[in-house]
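Asker: For the protein sequence lines, the chains are A and B, in the order given.
Just so we're aligned, residue 1 is where the first sequence starts under the working numbering, counting upward by one.
Just so we're aligned, residue 137 is where the second sequence starts under the working numbering, counting upward by one.
What the hints contain is simulated information worked out from the structure, not anything from laboratory work.
Hints should not be assumed to be uniformly reliable.
With the Cβ distance kept under 7 angstroms, some of the chain A side facing chain B (calculated, not the full set) [unchecked claim]:
1. His40
2. Ser46
3. Tyr82
4. Gly83
5. Leu89
6. Leu100
7. Gln107
8. Asn109
9. Lys112
All values reported here derive from a predicted model rather than from experimental measurement.
All C-beta atoms, glycine included, are put in the ideal place defined by N, C-alpha and C.
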Amino acid sequence: MVKFLSEEWLEQCKRYMHEKLDPEKDLKNVTTSLLGVVEHIPPENSTMNFYLNIDNGKLTDFTVSSGDSYEKEAEFVIMGSYGTFRGILKGETNMTIALLKNRLKLQGNKIKALRLMKPLDGVIASLREVTDEFEE
Amino acid sequence: MLVGNSKFEEAITIAKKGSHCGMCRFDFLDTGLCPSGTKYGYLAYWPQGRMQIFKNVMSGKVKPTEKLIEITDSCSLCGICDKQCNFATQLRPEKVAKALKEYVESLNDSDFQNIPEDENLKGLRDIVGPQWATNDPIIVSSYISSIISPDAGLNFYIVMPKDTEELSKVIKYANIHNLPFLPRSGGTLLSMAAPTVLSKAFGLEQGIVIDLLRMKKLEIDTETLTATVGAGITAFDLQKEAHKHKLRANVAEAGAHICGNIASTGILSTWGNKYGWAADNFIDLESVDDEGNISRHSDLEIKNPYSTEYGFTNISLTPPLIVTQATVRLNPVFDDEEAVFVPFENIKDALHLSFTVAKRGIGFSNVILSRKYLAEFISPTPKIAEDFEFILEKYMKLNYVVDIICNKDEKKIIENMVEYTIDKSTLTALILGCPKLATLKNSEFMKILSEEKDPLKALFAGPMKKHFEQALDATPENISKIYDKDLQEFFKKVYSKPKMTDIVWLHEHRIFPSRLMRQRMFLPMGGVIWTAYENNLLEWINMFETVGEKHQLIHALGFISPFDQGRFAVLEYDFYYDHNDANAKKCVDKAILESQENSLMIDGILSALNFYFKGLYRKEHILFPIAKAISKEDQELFRELLNNIIGDE
């Protein structure tokens with residue numbers, strides 16, 4: 001178990017997703033890319049982002065970087081506070097509700113994004129499995 | 137030791153029946169306001185909060201703190217709450233206040249828990265002042281059911297900023313410290329949803345409740361015909377002030393807060409055909425976004441604030457902005473305004489009249505009221521409402537009333553369009569004489585009436601009219617007799633005031649709708665439909681009926697009101713239920729899911745869930761183009777979305 005957004009976290013997530021997630025069964029063979037922008041990270045109130053690319057249900061790219069500018073273009077961008085992402089990863093907050101409560105802001109086709117919620121549940125479950133440390 | 141005490145048991149029953157209608161927080165009967173609530177602000181110090189606290193301490197949801205002593209000591213048992221609450225709900229909150237005092241007196245020092253100030257509370261108090269931020273569990277618990285879900289813990293801060301700048305700082309603080317937050321105004325929408333599955337969707341699970349009550353600015357500008365109101369101002373407060381200048385605002389029910397209402401459903405009233413909906417109602421807004429940035433709609437630099445996402449996935453569960461101040465339109469009140477009530481047996485005839493009048497631009501307020509609404513609004517007790525409705529249906533065959541407020545000339549036009557109307561003297565007789573009417577339930581008079589070919593005509597335009605009015609024995613003294621003995625003199629005076637039988641005043645000030653929440657809850661469903669789809673409208677009503685029957689709920693059409701020159705109509709269909717009954721709650725949950733999904737399967741409809749929190753936008757962006765029934769594939773997606781929001785059963 002590792003700290004959210006750390007290098008170790010990234011590596012363990014990749015490994016977990018490769019080993020445990022079935023491209024067809026868990027990820028429904030989706031092809032998409034997602035940029036998550038995490039704002040208000042304590043203690044410095046900083047911003048970080050993570051990018052993941054899934055091709056036909058297989059994770060092909062997963063990176064983390066700091067700052068609020070990002071090089072990679074994604075089909076979807078979701079922005080939210082550290083507290084919101086923490087709630088999702090702790091299983092306290094439902095991602096769809098966070099979106100509808102405006103706690104996560106989405107750029108991209110909303111209908112398509114909502115259709116992806118189910119397959120993305122598998123990814124969230126993976127992140128949840130390897131993450132147990134957060135900034136408080 | 138207090139268990140088994142009958143006064144105590146009675147207080148528990150009263151507290152459980154409280155429905156957070158909020159009628160104890162503004163002065164609608166000229167009694168003055170609860171002195172404790174006015175001084176301390178937090179919900180805990182108002183009658184509705186005390187009822188919630190009593191329920192919470194009795195159920196063990198919260199342990200006493202020293203604040204509870206202040207809360208009970210601050211209540212002078214002046215009795216204002218009994219008068220206000222009794223008018224709306226027939227409850228006696230003062231009995232709860234007394235029981236709470238007794239309970240506190242019975243406690244030992246060791247019964248009180250001590251909750252220290254933590255770092256976040258310190259930070260919030262630095263912004264709003266020590267008095268206006270708290271994490272006291274007793275105060276927090278008073279917000280349960282009107283913004284905090286009954287299933288949530290008590291891990292909250294309650295903050296009452298005095299102005300927009302303080303609110304902005306609170307939000308910035310919340311973001312830096314990753315605390316979720318939600319504004320609270322009247323809390324009625326949330327309290328209607330609180331006992332149901334929707335509470336998770338609309339409520340706050342932890343963090344900061346921002347109570348906006350302290351923002352009490354209210355200024356009328358008679359030159360521009362506008363009013364500037366802060367977020368703590370209710371519809372009644374505004375209307376009362378506007379009326380002094382022979383002006384009228386377009387407002388929702390009396391307890392709705394203007395700014396909160398604008399940000400949630402938009403101001404949706406029976407006056408919408410003339411005065412508009414959503415962005416039609418305001419000139420300017422001051423607001424704070426979720427990053428704490430302050431802006432005004434009149435700023436040239438901001439992005440278009442009037443457009444919104446279109447389609448069935450546009451659901452929002454929170455307001456896009458916290459509106460702290462609104463400049464709203466006021467409209468002139470004319471001396472020759474009158475009400476025209478046209479009774480109907482069937483809905484098609486009622487729709488035809490209402491929509492024709494709306495399309496011709498006649499009248500200020502235009503609504504079809506169901507017999508259920510008519511009975512609930514007018515009747516001072518639930519039992520009288522039940523008997524009244526029975527009489528309307530079985531004997532009079534009065535199922536709908538087209539209810540129009542218009543000027544003298546327009547009244548003549550409407551009267552020429554119909555065979556008969558219910559005139560002013562009969563309406564006055566119905567309001568003051570409804571207790572007597574209820575006693576006529578099995579009378580010979582009613583049996584004779586029901587045998588008439590057209591009972592409505594015989595009653596309202598025929599020879600029976602005079603006898604009917606006389607039989608109702610309609611006087612303030614007689615209606616006051618249905619109240620508890622100690623309140624009879626007060627209610628005699630209330631009903632002696634001309635405004636209590638002035639239909640125009642009642643439509644403007646909207647003090648009756650709270651009676652829909654008396655001692656039990658209702659969940660309003662429905663939405664907006666294009667009036668060109670009249671058959672779909674009928675199908676929509678049938679769908680709600682079917683769903684209500686299937687889930688064994690008391691259910692009824694509430695109202696249909698046209699707007700935008702009759703292009704659209706807003707429809708409300710209600711499911712009624714006991715908010716203390718877990719089984720009833722489950723039935724409502726299923727009815728919500730099913731009726732929401734079914735609504736999207738009909739052309740021309742924007743369901744309620746799709747226009748919640750859209751009130752800031754232009755109605756043209758919300759309603760155009762015409763919504764089409766969604767595909768099977770989209771239906772699946774919507775169902776998933778709803779299950780996500782509402783939770784898989």
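Asker: Would the stated hint for Asn109 of chain A survive a check requiring a Cβ distance to chain B of less than 7 angstroms?
Answerer: violated, 10 angstroms
Asker: Checking hints one by one. Is Ser46 of chain A an interface residue toward chain B, by the C-beta closer than 7 angstroms rule?
Answerer: Ser46 of chain A check fails; min Cβ-Cβ to chain B is 11 angstroms, beyond 7 angstroms.
Asker: Was the hint right that Leu89 of chain A lines chain B, CB cutoff 7 angstroms?
Answerer: Hint violated; Leu89 of chain A Cβ to chain B Cβ min 13 angstroms, cut 7 angstroms.
Asker: Should the interface hint for His40 of chain A be scored as holding, given a Cβ-Cβ cut-off of 7 angstroms against chain B?
Answerer: holds, 5 angstroms
Asker: Per the CB criterion, is Tyr82 of chain A less than 7 angstroms away from chain B?
Answerer: holds, 5 angstroms
Asker: Let me know if the C-beta of Gly83 of chain A comes in closer than 7 angstroms to any C-beta of chain B, holds or violated.
Answerer: holds, 3 angstroms
Asker: May I ask you to test the interface hint for Leu100 of chain A with respect to chain B, counting a Cβ-Cβ separation under 7 angstroms as satisfied?
Answerer: holds, 5 angstroms
Asker: Are Lys112 of chain A and chain B close enough, Cβ to Cβ, to be under 7 angstroms, as the hint says?
Answerer: Given a least distance of 10 angstroms, the restraint on Lys112 of chain A is violated.
Asker: Against chain B, is Gln107 of chain A within 7 angstroms by beta-carbon distance?
Answerer: Violated. Min distance 13 angstroms.
Consistency note: the structure conflicts with the earlier hints numbered 2, 5, 7, 8 and 9.
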